[in-house]
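Enquirer: Spelled out from the first residue to the last, the chains are:
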Amino acid sequence: MFPQFQRVVTLSVMSILVALFTWIYMRDRQPRARLWMIGWACIVVHFGGMLLFTFGLIPSRLADWSAYATLIFGASAFFLSVSRTTGARLGRVLFWAALVGPAVVYWTCMVFEVAHPAVYRGLLGAVLGGGAWLAWRQPKRSPVSVAAWMALALAPGIWAAWRASTHIETGMDFLLFEGFAVTGWRYWRYFRRLTPGVLLTSLAFLAWGLVFPISEICAALQVNIPGDHVVWDLPKYFVAFGMIMTLFENQTEILQREIGVRKRAEETAQAANEAKGILMASVSFAARRILSSAGWETVVPETLSKIGVAARVSRAYVAQIHAAKDGMASTVLHEWTETAPGVECSGSGRKRLDWGITELASLRRGEVVATSATRAGGPADGDAPKSAILVPIEVAGSWFGFLGFEDDRREREWSEAERDGLRSAARMLGASMTRQRAQEYVDNILRSMEESLLVTDTELQIRRVNPSALRLLGYREEELIGRPAAQVILEREAPARRSAVERTYRTKTGRLIPVLFSSAEMRDGSGMLEGYVWLAQDMTELKRAQEELVHAKDAAEEANRAKSAFLANMSHELRTPLNAVIGYSEMLEEVVIERGQEDLVADLGKIQWAGKHLLGLINDVLDLAKIEAGRVELSIESLDVMPVIDDAADTVRPLLEKNGNRLEVGRAEPLGALLGDQTRVRQVLYNLLSNACKFTENGLIRLEARRTERKGAEWVEFQVADTGIGMSVEQMDRLYRPFMQADASTTRKYGGTGLGLMISREFCHMMGGTLSAESEPGVGSVFTVRLPASTATSAEVPADQVVMGERQPVHA
Amino acid sequence: MPKILIIEDNESSRDMLARRLSRRGYQVIAAADGRRGIVLAHEQSPDLIVMDMSLPEIDGWEATRRLKADRATRAIPIVALTAHAMASDRKKAMDAGCDDYHTKPVDFEGLVRSMEAFLEARGSLATAGIPVISLRPAVRMEDPQC
Chain L
1 MFPQFQRVVT LSVMSILVAL FTWIYMRDRQ PRARLWMIGW ACIVVHFGGM
51 LLFTFGLIPS RLADWSAYAT LIFGASAFFL SVSRTTGARL GRVLFWAALV
101 GPAVVYWTCM VFEVAHPAVY RGLLGAVLGG GAWLAWRQPK RSPVSVAAWM
151 ALALAPGIWA AWRASTHIET GMDFLLFEGF AVTGWRYWRY FRRLTPGVLL
201 TSLAFLAWGL VFPISEICAA LQVNIPGDHV VWDLPKYFVA FGMIMTLFEN
251 QTEILQREIG VRKRAEETAQ AANEAKGILM ASVSFAARRI LSSAGWETVV
301 PETLSKIGVA ARVSRAYVAQ IHAAKDGMAS TVLHEWTETA PGVECSGSGR
351 KRLDWGITEL ASLRRGEVVA TSATRAGGPA DGDAPKSAIL VPIEVAGSWF
401 GFLGFEDDRR EREWSEAERD GLRSAARMLG ASMTRQRAQE YVDNILRSME
451 ESLLVTDTEL QIRRVNPSAL RLLGYREEEL IGRPAAQVIL EREAPARRSA
501 VERTYRTKTG RLIPVLFSSA EMRDGSGMLE GYVWLAQDMT ELKRAQEELV
551 HAKDAAEEAN RAKSAFLANM SHELRTPLNA VIGYSEMLEE VVIERGQEDL
601 VADLGKIQWA GKHLLGLIND VLDLAKIEAG RVELSIESLD VMPVIDDAAD
651 TVRPLLEKNG NRLEVGRAEP LGALLGDQTR VRQVLYNLLS NACKFTENGL
701 IRLEARRTER KGAEWVEFQV ADTGIGMSVE QMDRLYRPFM QADASTTRKY
751 GGTGLGLMIS REFCHMMGGT LSAESEPGVG SVFTVRLPAS TATSAEVPAD
801 QVVMGERQPV HA
Chain G
1001 MPKILIIEDN ESSRDMLARR LSRRGYQVIA AADGRRGIVL AHEQSPDLIV
1051 MDMSLPEIDG WEATRRLKAD RATRAIPIVA LTAHAMASDR KKAMDAGCDD
1101 YHTKPVDFEG LVRSMEAFLE ARGSLATAGI PVISLRPAVR MEDPQC
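Going down the list, the protein sequences come from chains L and G. Just so we're aligned: the first sequence equals residues 1 to 812 in our numbering. Just so we're aligned: the second sequence equals residues 1001 to 1146 in our numbering.
Derived by calculation from the structure, the hints in this document are not laboratory data. This one's a predicted model, so the numbers in the text were calculated from it and none came from an experiment. Check before you lean on any hint, since a few could be wrong.
[As the list claims (entries may be wrong)] In silico lysine to aspartate or glutamate, DMTMM-like type, Cα no more than 25 Å apart, as pairs: (1) G:Lys1091 <-> L:Glu573; (2) L:Lys508 <-> L:Asp554; (3) L:Lys386 <-> L:Glu367; (4) L:Lys563 <-> L:Glu628; (5) L:Lys263 <-> L:Glu459; (6) G:Lys1092 <-> L:Glu416; (7) G:Lys1091 <-> G:Asp1059; (8) G:Lys1092 <-> L:Glu479; (9) L:Lys612 <-> G:Asp1100; (10) L:Lys612 <-> G:Asp1089; (11) L:Lys563 <-> G:Asp1059; (12) L:Lys612 <-> L:Asp623; (13) L:Lys606 <-> G:Asp1100; (14) L:Lys606 <-> G:Asp1059; (15) L:Lys606 <-> G:Glu1116; (16) L:Lys508 <-> L:Glu573.
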């Protein structure tokens, strides 16, 4: 009853184990748990079959077959769960084909009592060969250890195979139990940890495997082992418990491993974060320094060293790009090196970098270039860095150069954080350079301005001055900045927009300077009033020039007045004696006629003529002087032509009679009106007619008037033609010269001043017209006056339009 | 005969004009400066005054203004006869109160025509019973130099 009872207990325990592994497998889906579940299920069937046979419920052959088959499958499952070799496909095929297959055939042959030992030996050989092959394929094994293993495994196998001819049943048993032992070893190798579960399972598997050989040996030595069945079953229990413990240990280990992985990841992340933090901190420090300083170049060394240290590089530099023979080249402007942090490279010490065209082209596109040790080149001093990163710098929208970081110690991957940090450092440097350039541009404008510029805030405190202003006011810049603007400007300047007004600036020495002043409001982008911009130009010189001009004008006017006064006096002083001369001679003429002394009349007439000639000269000279001085005032009005002609004809009648001339007047009506000064028109016509009378004897003088059109305008044309002595071409040339008549003898013969034509022509020009002459000696002369026609009648044009005559040359 | 007062500082001019007018039958009195002229104008009540402009003591323009401002002498026509012959001088004389303007050297016939016109107008006034003319028998040269 005892063995049955023992088997029931074993069966129950095994069933519980199977349930347990099933539960674990269902929970975790570990492939190992599944194999163990299958393995233990086989063991349960093994014991169940034996129990059924004990109670005589199944035939002995089936019981035997199933007992061994289940053991083989169970052992296989256990082995597979810890084998590395059978993880591969080929290993699995070999395992089933070379180990499990022959084992099943062997046992089947045994159950059906096949009596040929060669069959058993062959099958055992196949099993051994398969095992050896598997052992040989064991990965990461030195050939020596594999050979040792094979010797250890093959020796009992070969022994078993030799024995198989006499002890068929033990051959398979032996191999099966060797399989358990190997599984124990594999189990240990697989988990490789000194934990109770693994230790117990490994040793229990070993014990399970050794039970058979030991019992065989004991049987051979006739030694009786007490508690035979317990010894046979005990390793199974231990294996089961060990496996469960292993599983729990696995759980713990997985958990710990996960925690460790997470922790390590966290540590890595933290380290990266710290590095990034340091880098960002140094970049932002550099940003503050750059932004708070006037020139980027003063803070660049510090910036480079800060960032260089933070990024843990060997060298950091700012390089500028420039044109070179072969396209582009880059030169270091500032450099920081780990080995010589204090050394600043600049000026003539600037070295050229030999970055290739590929890198420079990438940088030009705005890309960050990161390189490793395989790159050829680098700084020309020889030892190339293991890795480098170049970040382009853009200034005012165009590529300026790059920020370079090189690491001589290690090849490194430049993390996104590092790239970001360096990129923002480069961006900031670029912005700073851009700002400085803009600043310098504005400064240059202010410096080159001739005008003095003051910028005040809304409280009228001076905030900025340009050099011109400092020169003008005699202050140094620091003496003005922050001072109230009232210090330099005399007038209290209201905050208003002014343009080009006169103001007075006060210099440091108290001198007052007249300035041309403009003020404008200065507003920021959002339209908020920021202050005022004052622009001033020194007017001292201008004022002086202006005063000189005024003086000169006064002097000129004074001179002109003096000249006019002189002319008036001359006229007055000449006329007074002339009055007596002409008056007395006229009186005398009357007296001598009364007394019958008529022989004296002719002489008296000569005195009168001379006096009147003198008077004519005086008048003409005055007219000329006035024309020359531009002091002739014309009263241009619309004049009806008809009365003008009639008037001229009437006036000249006494002269006609003198030389026996006839006057014909031709009018081509309608004549309308002309635009001119009545007195002057009359003077011109009288002059021409009297000339004609003078140089014609017993001839015909024609006065004609007509309206013509020339150059798109309407004109009134007067023509005075005579049949007198005429003029030669040479005489015509001298026609308008002062005091020149056709020749000197004519003056004696015909009288006249020789100024009349000249004056007439000037008057015509001043009235917008012309005077021209045609002549032929001995035939006569034709003088033509052309004056602008009036489209209006005389009533429509105001009579007080006064034209100041322009100064015109008297000589033709 | 109409009495003409000549106010003229230049001796020749004064003498010449006085004699020529006398020859034409005018009663002529003369003064050599503006002040004397005004006095004579009041004392003698001439029918017409021929006034030079550049005069000592009181010049012609001022004398004219005074005579024209005085009720007693306002009605006497004053003809300017001057060597100030510039265009503006005519206006200046007429503005001062002169009734006509002649330049030297004198166009004697023109002057006489102008005087006659004024005298004629005064004559018609006289016939209307306005006592403006007092007749004197002969030429009286008030100027001591004459």
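Enquirer: A separate judgement is required for each hint: does it hold in the structure or not?
Expert: Against the structure, the hints come out as follows:
1. G:Lys1091 <-> L:Glu573: Status holds; Cα separation ~20 Å.
2. L:Lys508 <-> L:Asp554: 36 Å, violated
3. L:Lys386 <-> L:Glu367: 20 Å, holds
4. L:Lys563 <-> L:Glu628: 12 Å, holds
5. L:Lys263 <-> L:Glu459: 62 Å, violated
6. G:Lys1092 <-> L:Glu416: Violated, at roughly 103 Å.
7. G:Lys1091 <-> G:Asp1059: 16 Å, holds
8. G:Lys1092 <-> L:Glu479: Judged against 25 Å, a Cα distance of about 66 Å means the pair is violated.
9. L:Lys612 <-> G:Asp1100: Holds, at roughly 22 Å.
10. L:Lys612 <-> G:Asp1089: 21 Å, holds
11. L:Lys563 <-> G:Asp1059: 23 Å, holds
12. L:Lys612 <-> L:Asp623: 16 Å, holds
13. L:Lys606 <-> G:Asp1100: 30 Å, violated
14. L:Lys606 <-> G:Asp1059: 35 Å, violated
15. L:Lys606 <-> G:Glu1116: Cα-Cα ~29 Å, so violated.
16. L:Lys508 <-> L:Glu573: Not satisfied, since the Cα-Cα distance of roughly 62 Å exceeds 25 Å.
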